[in-house]
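Just so you know, the sequences run in chain order A and B. Mapping to my numbering: the first sequence position 79 is 79, numbers consecutive. Take any residue in the second sequence, note its place counting from 1, add 114, and you have its number in my numbering.
What the hints contain is simulated information worked out from the structure, not anything from laboratory work. Mixed in with the good hints there might be a few duds.
Calculated cross-link-like contacts (lysine to any residue; reagent style SDA-like; alpha-carbon spacing at most 25 Å) [claimed, not checked]:
| id | chain 1 | residue 1 | chain 2 | residue 2 |
| --- | --- | --- | --- | --- |
| 1 | A | Lys49 | B | Lys192 |
| 2 | B | Lys182 | B | Ile119 |
| 3 | B | Lys138 | A | Ile11 |
| 4 | B | Lys138 | B | Gln151 |
| 5 | A | Lys49 | B | Lys182 |
| 6 | B | Lys182 | B | Gly156 |
| 7 | B | Lys192 | B | Gly212 |
| 8 | A | Lys49 | B | Ile140 |
Listed below are the residues making up each chain.
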Amino acid sequence: AQSVTQPDIHITVSEGASLELRCNYSYGATPYLFWYVQSPGQGLQLLLKYFSGDTLVQGIKGFEAEFKRSQSSFNLRKPSVHWSDAAEYFCAVGAAAGRRALTFGSGTRLQVQP
Amino acid sequence: DAGVIQSPRHEVTEMGQEVTLRCKPISGHDYLFWYRQTMMRGLELLIYFNNNVPIDDSGMPEDRFSAKMPNASFSTLKIQPSEPRDSAVYFCASSRSGGRTDTQYFGPGTRLTVL
């Protein structure tokens with residue numbers, strides 16, 4: 001069965017500082033990996049996705065993520081955080097075929113200090 | 115193009131009442147998913163459809179929950195009777211098969227409170 005672990009429940013960074021959110025997955029084959037962001041009271045917005053090819057993926061709002069097969073990781077990064085990035089971030093894994101539903105991590109809540 | 119539409123956005127009801135949540139997927143999408151988000155269990159899949167047919171309902175908690183998709187542009191999730199432990203945010207998502215993409219687009223969610 002596939003699973004996703006986000007080890008950090010809550011992270012606080014200063015505005016302008018760099019950010020890295022961790023995500024580890026368990027999946028038998030090459031996974032489809034996603035990062036979503038959820039602002040308070042809002043739905044989930046897709047930040048970026050990885051299917052294959054280049055292991056460094058660029059997304060919206062200046063975010064990027066790197067797929068590392070050897071570490072079963074898909075960490076999200078941003079070089080300079082803005083106050084508007086404060087939200088909850090979810091990593092998810094999906095199958096290429098068959099069961100198409102996503103399995104989500106428990107989320108990481110990001111707080112940005114001025 | 116409009117995104118996934120859910121209604122109502124908020125629902126407050128009393129225990130024992132029937133609750134119906136509605137979803138309109140993105141036009142042209144052939145997959146529709148219902149997820150539930152709670153503090154204790156996070157985001158979990160309830161059921162998903164492909165071409166209006168339920169494919170996997172293993173996440174539906176019990177017989178009080180039912181979901182239908184009568185056509186490609188509408189789905190409902192019904193809880194009857196509702197219980198306080200059903201309080202959660204219910205998300206609908208849709209995706210389009212084909213190629214290598216399998217990106218799910220989420221609606222704004224319905225926040226359900228059962229008193």
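Outcome of the hint check:
1. A hinted pair counts as satisfied when its Cα atoms are at most 25 Å apart, and lysine 49 (chain A) with lysine 192 (chain B) does not qualify at roughly 32 Å.
2. Restraint check for lysine 182 (chain B) and isoleucine 119 (chain B): satisfied, since their Cα atoms lie roughly 16 Å apart, inside the 25 Å limit.
3. For the hint linking lysine 138 (chain B) to isoleucine 11 (chain A), the alpha-carbon distance of about 35 Å lies beyond 25 Å, and the restraint is violated.
4. Taking the CA atoms of lysine 138 (chain B) and glutamine 151 (chain B), the gap is near 19 Å; set against the 25 Å cutoff, the hint holds.
5. Of the supplied pair hints, the one linking lysine 49 (chain A) and lysine 182 (chain B) is violated, its CA atoms being roughly 29 Å apart against a limit of 25 Å.
6. Taking the CA atoms of lysine 182 (chain B) and glycine 156 (chain B), the gap is near 24 Å; set against the 25 Å cutoff, the hint holds.
7. With a C-alpha separation of about 30 Å, the suggested pairing of lysine 192 (chain B) with glycine 212 (chain B) is violated against the 25 Å cut-off.
8. Restraint check for lysine 49 (chain A) and isoleucine 140 (chain B): satisfied, since their Cα atoms lie roughly 19 Å apart, inside the 25 Å limit.
Checked against the numbered hints above, the structure violates hints 1, 3, 5, 7; every other hint is satisfied.
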